[in-house]
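Between the sequences and the hints, there should be enough to build the whole structure, so can you do that?
Protein chains: 4
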Amino acid sequence: MQRLNWGLIGGGEGSQIGFVHRAGAEIDRLFELRAGAFDVNPAKSVEFGNSLGLDPTRVQGTWRDLLLSEKDRPDRLDLVTVATPNATHFEISKAFLEAGFNVFCEKPLTTTLDEARRLEVLANERGLICAVNFGYSGYPMVRHMRSLVSQGVLGAIRLVKAEFAAGFLADSSFDDNPRVRWRFDPEQAGNSLVMADMGCHAMHLVTFVTGQKVRSLSADLATGVEGRGLEDDALVAFRTTEGAIGRLWVSGLATGRTHGLTLQIFGEQGGLSWEQEQPEQLNFTPMGKASRILERGMDGISKEAAAANRITVGHPEGMVLAFANLYRDIASEIRARCTRSRSADPVLFPDVSDGRHMVEVVCAAVESSRNAGAWQSLE
Amino acid sequence: MQRLNWGLIGGGEGSQIGFVHRAGAEIDRLFELRAGAFDVNPAKSVEFGNSLGLDPTRVQGTWRDLLLSEKDRPDRLDLVTVATPNATHFEISKAFLEAGFNVFCEKPLTTTLDEARRLEVLANERGLICAVNFGYSGYPMVRHMRSLVSQGVLGAIRLVKAEFAAGFLADSSFDDNPRVRWRFDPEQAGNSLVMADMGCHAMHLVTFVTGQKVRSLSADLATGVEGRGLEDDALVAFRTTEGAIGRLWVSGLATGRTHGLTLQIFGEQGGLSWEQEQPEQLNFTPMGKASRILERGMDGISKEAAAANRITVGHPEGMVLAFANLYRDIASEIRARCTRSRSADPVLFPDVSDGRHMVEVVCAAVESSRNAGAWQSLE
Amino acid sequence: MQRLNWGLIGGGEGSQIGFVHRAGAEIDRLFELRAGAFDVNPAKSVEFGNSLGLDPTRVQGTWRDLLLSEKDRPDRLDLVTVATPNATHFEISKAFLEAGFNVFCEKPLTTTLDEARRLEVLANERGLICAVNFGYSGYPMVRHMRSLVSQGVLGAIRLVKAEFAAGFLADSSFDDNPRVRWRFDPEQAGNSLVMADMGCHAMHLVTFVTGQKVRSLSADLATGVEGRGLEDDALVAFRTTEGAIGRLWVSGLATGRTHGLTLQIFGEQGGLSWEQEQPEQLNFTPMGKASRILERGMDGISKEAAAANRITVGHPEGMVLAFANLYRDIASEIRARCTRSRSADPVLFPDVSDGRHMVEVVCAAVESSRNAGAWQSLE
Amino acid sequence: MQRLNWGLIGGGEGSQIGFVHRAGAEIDRLFELRAGAFDVNPAKSVEFGNSLGLDPTRVQGTWRDLLLSEKDRPDRLDLVTVATPNATHFEISKAFLEAGFNVFCEKPLTTTLDEARRLEVLANERGLICAVNFGYSGYPMVRHMRSLVSQGVLGAIRLVKAEFAAGFLADSSFDDNPRVRWRFDPEQAGNSLVMADMGCHAMHLVTFVTGQKVRSLSADLATGVEGRGLEDDALVAFRTTEGAIGRLWVSGLATGRTHGLTLQIFGEQGGLSWEQEQPEQLNFTPMGKASRILERGMDGISKEAAAANRITVGHPEGMVLAFANLYRDIASEIRARCTRSRSADPVLFPDVSDGRHMVEVVCAAVESSRNAGAWQSLE
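Residue numbers (our numbering), protein chains in the order written: chain P, 1 to 379; chain D, 1 to 379; chain Y, 1 to 379; chain W, 1 to 379.
Simulated from the structure, these hints should not be mistaken for lab results.
Just so we're clear, the structure is a prediction, and the values are computed from it rather than from any experiment.
Treat the hints loosely; a few may be bogus.
Restraint ranges, calculated between C-beta atoms of paired labels, are given here [stated by the list, open to error]:
id	chain 1	residue 1	chain 2	residue 2	range
1	W	379	P	85	22 to 30 Å
2	W	185	Y	343	48 to 56 Å
3	Y	344	D	13	14 to 22 Å
4	Y	288	W	379	41 to 49 Å
5	Y	353	D	99	55 to 63 Å
6	D	43	Y	56	33 to 41 Å
7	Y	180	D	68	42 to 50 Å
8	W	74	P	345	37 to 45 Å
9	W	241	Y	343	53 to 61 Å
10	D	181	Y	344	45 to 53 Å
11	Y	2	D	181	40 to 48 Å
12	Y	177	W	289	37 to 45 Å
13	Y	345	D	344	38 to 46 Å
All C-beta atoms in this analysis are idealised placements derived from N, C-alpha and C, irrespective of residue type, glycine included.
Pasting the structure below:
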């Protein structure tokens, strides 16, 4: 099977997320990196592209040049990944969608809700993919949670608890450093720090696993370090579209928590609990019974989890393979659209409506917090 | 040293908390059970008291008879523990305080704020102890947390996160059982279920460990099982008197969590994390350094933790010894007051003002939730 | 029900094991401390006994005086606990058994196999209890393991793995201290250090849980710190009487392991795993299924575990209550023998034949190691 | 930088290890898969190679054809990975080494010690790399353990404890299946099952981390399931070349342990503990201090661990990146040999002498066990 042509914007020298995208896209030989603009500095962009051994005619200094050079090629890109600073996501994604490219955009999709809605309309009108990288949804055991919930193993969902709390903003001694300071400045960084950066990941997992959206919320966005213009900690009470109770805590001040993304789902018939730092295990407690430790790769796992599983149980697969699962889903969907058929495999990548919904959640949380916790309804 | 005379109201046949009180009070030979009224059924009360081998003249069928028979004895009780249903705490504690007895009351101190304030005034006026059983504050490593915070090891506290979430209310098949149904009925159970039952424990730990009170809060009290008149899940955003950010989650719907009480404290210089189900360990992360697992009984532990420590490190001490630490503190304070001196040991039991503050917190949470999350100030 | 009369030899001022014995014996009100000789120093012994508020005529300076004063009393002791240095166990236990007292001896029962056999014959001839304090067998979840195995839940047992490895002998800077040095001196301490001190605990759990004895073994007793005359680390391969494969590791050099006692049992149909530092949980994996976390106090626990359970699930019970379970068993047995009936409750305390078998195991391990690992058969 | 030419023998359709090799070799763009013989069935081999999009002239049906077609090409392979059944390792590796190719052989290097020695001589005489895939040595925190030990952070090493115990051989219902039965048959599988398959991994980690070899050992190889001709459980006592005490347990019967590889190192100044199922963390306890949880990617990590680290701390890297670290080391060494220089980076892949030493260990364990545990010296 011919590999699909893939391009990357951003993710150049020194970028860890760039490495994970390249590894995740190519590891299954479904995509091959053909073109890119890797750095905001055009010279560095070219240098990096050449270091990867790409065809020099497809390495560009800017995303605009990439667009120009690719749009009329017969072997043009099947997918463009946008891994640039948040404020540029809208403009770049819009331009590539308008030129007919499928896009895989880093989260958050945009920094305003209006922009997100425009991208959603655009992608839908053109019949193009505009995936959004909520990468944790690629873990096999997250997909198994989703499958168990959709099979009704928990009964109706009553309660969802999500956390994404770590300590990466706890050291205030960097706050005067211009390379860090902008993050806390609403003029440069937008209306939210940890909700936009971390909260949307946790909340996407909630919607991914339950199959429900957020209907309303009340939020407290707080700043624990003096002088910061945006929140470094947030607490959100919410309700889902089917009425489940929701609780979310997000923090950058939680020294001692290395990553700190966890998800717990409680229904009429049992509960589930998962932690990103041990992504291979899922704790499942049927009502009134002992808790069970479900393992990635164990016998009897759901087909969604089995499809996302590569290595023998007991050997950690890690984050790269979670990204690879999103790329595999996108490849399936690209091929299915080409042949006007449906993919035989589960296709579970977060799409443009997920991306837009998460922008809505962040905006509603900001609005609620400004109104002293008043409940906000989402569309 | 002569053992102090101790009496117990409630805690009779079949009561687990009664066993823990008796074991905790007597294990250090500081108190000796001399008298009591153990059951709402007078005949059962007498039967139980006799089964304990007590002097039959000091075993009574009701707390009123106990009060009458004890108040004029020369060897009258030095302390009375009140382990009866919540709605009776006020009346019994008031009566014994008025008669000059020291009281150790189960939590919550009362079911209304007005009652709590009256007990506080009464105890203070009479110079009597009115301790409240927030028993988790007896664990050595909780006391070590408190000591580390007060020594400034974390710097100023920025953020506090407490949870008390378990699954004991998840099975709704008992809701029609009259022995359970009253818990969800505001007329019988008061204004709150999980906040009053569990939330006050978690919040007391917050105040105990930080040395700060709750200044304001916004709450979402929710019911996940149809037909219940009181909340079975709650989320509370709060601020402490010194401005720390607070987050509290309380639930009875969290199937798979056996007990679920945890406390995390984050300051300018590091973080602490503790879980009641593994009470012997405390996780401490100095800013920018590796996390350390502190063990009860290890070298270099604080004097507060060392004073609460009995068995060699590595052998779990458990809940009984946590209760014993409160009784030991109360014994020290009784003796100190008798001799108008100060106790040489740390005296850390929760007192009537702690009990009153927790009633305030519960009432404010109920009020906030009724007002769609509006922030409430506490005194 | 009348409390039984209990006496204690050793366990005085500063003794942690003495505290655990007193607390464990009295917490259920089945025994009451009436008499004792608590310290090798007669004056201190008397002082300590008086501090406990005992009848001064029953507090003695030496165990010989205790024996003399108790043996003809009408209210003589129903049980004597021997918590003295190992080398004195034989002489004291023998004297009290000969005088018709039930004995509860700290482990190891004796320091030579001949002595152990003599105590076994003596206790059996006299129809007296000579229990041995392998205290970890009092934990409810250890008893649940035993019950699951005896019910055949694992099928035939194929493999047993026990560890007792901690770091308490790792700091060699104390080796010149005379108060420590004797432990490493065969002339003073007997033929074994960690096998006799720790290995016998782990091996007793093996026999307790499987219901099988040790049939043969090959051992490597090693010394990791120069200058020590006895082993501070041991590895033992063994076979049980029904042919299961056995593996035991014991160490005092394992810095970072706080207590380090663990037991794993593997059979034809599944496996069990338990750790003393989290004694409330038991991991059970049925063949080909997910692992389950069994909790003390959960629904459906075995009657042996339920009988040993006191506090609501989720609140750690700890070591004192494990000891209390042995004392409760012994009380049941004393009463059953008085009435020539059988105890209605499970009676699971380690008896003199368990104590003798563990001395055999230690002696065989020493012999094997001296013979370069040659396999030794036990009787 | 030009990618090196890489070939793979074995690891075709359905092979998990084949996927991990391909992903690990290519993820850093240091190697590119150019040629191979992927299956014992020549037609399937060709089909698989074509599915990967390789140059059809470099896809062969057998390893012999691969050798013939590659040996005279100007762009011949820089490295051949041998991922075939154990019994074929010797013949294939020998043939490729004799033709001047660098080889990366799956473990065990060979099934007899004589063969291993011959490969060692051959590789050394030719100046070729003959790496052996003890893949766990690629984990960053294993490399950090090695660095801490070599820096002397633990002082002299006293004791090493390794385990590799899982349950994959516990279900005996497959024993009659011919596809499984050969594993237990000495005629087909060689002299050892779990020691050769798992024990060599654990023992390699011991030697890798301590920098010491095995000097002597005493082993008990046992069979827990009737009818098996080779051991499914093993216990080994050993001594290292510098006199440290060693303990190794290996099992296929340990139901409930998913993977079960752990390593603990204890020295004069502290201890280290690592588990393959949570490879990102390393527990370090300095003597007399609290245990610390070291995280991959944390500040202050050793240069060996930092060089093996790719993704932000908190996001699991997993097994593929551990393999990638071995491939990176091999690439560095190939380039260094080409330029007759030394690699600037740490080069830590297991080489032919490691592979030969592990064959020695397995053979000595078999011999010891046949002689009832008699100690065997290694060269």
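We went through each hint and held it up to the structure:
no. : hint                      : result
1   : W:379 - P:85: 22 to 30 Å  : 60 Å, violated
2   : W:185 - Y:343: 48 to 56 Å : 52 Å, holds
3   : Y:344 - D:13: 14 to 22 Å  : 18 Å, holds
4   : Y:288 - W:379: 41 to 49 Å : 43 Å, holds
5   : Y:353 - D:99: 55 to 63 Å  : 58 Å, holds
6   : D:43 - Y:56: 33 to 41 Å   : 39 Å, holds
7   : Y:180 - D:68: 42 to 50 Å  : 60 Å, violated
8   : W:74 - P:345: 37 to 45 Å  : 42 Å, holds
9   : W:241 - Y:343: 53 to 61 Å : 57 Å, holds
10  : D:181 - Y:344: 45 to 53 Å : 36 Å, violated
11  : Y:2 - D:181: 40 to 48 Å   : 42 Å, holds
12  : Y:177 - W:289: 37 to 45 Å : 21 Å, violated
13  : Y:345 - D:344: 38 to 46 Å : 44 Å, holds
Figure legend: structure checked against the earlier numbered hints; hints not met, in rising order: 1, 7, 10 and 12.
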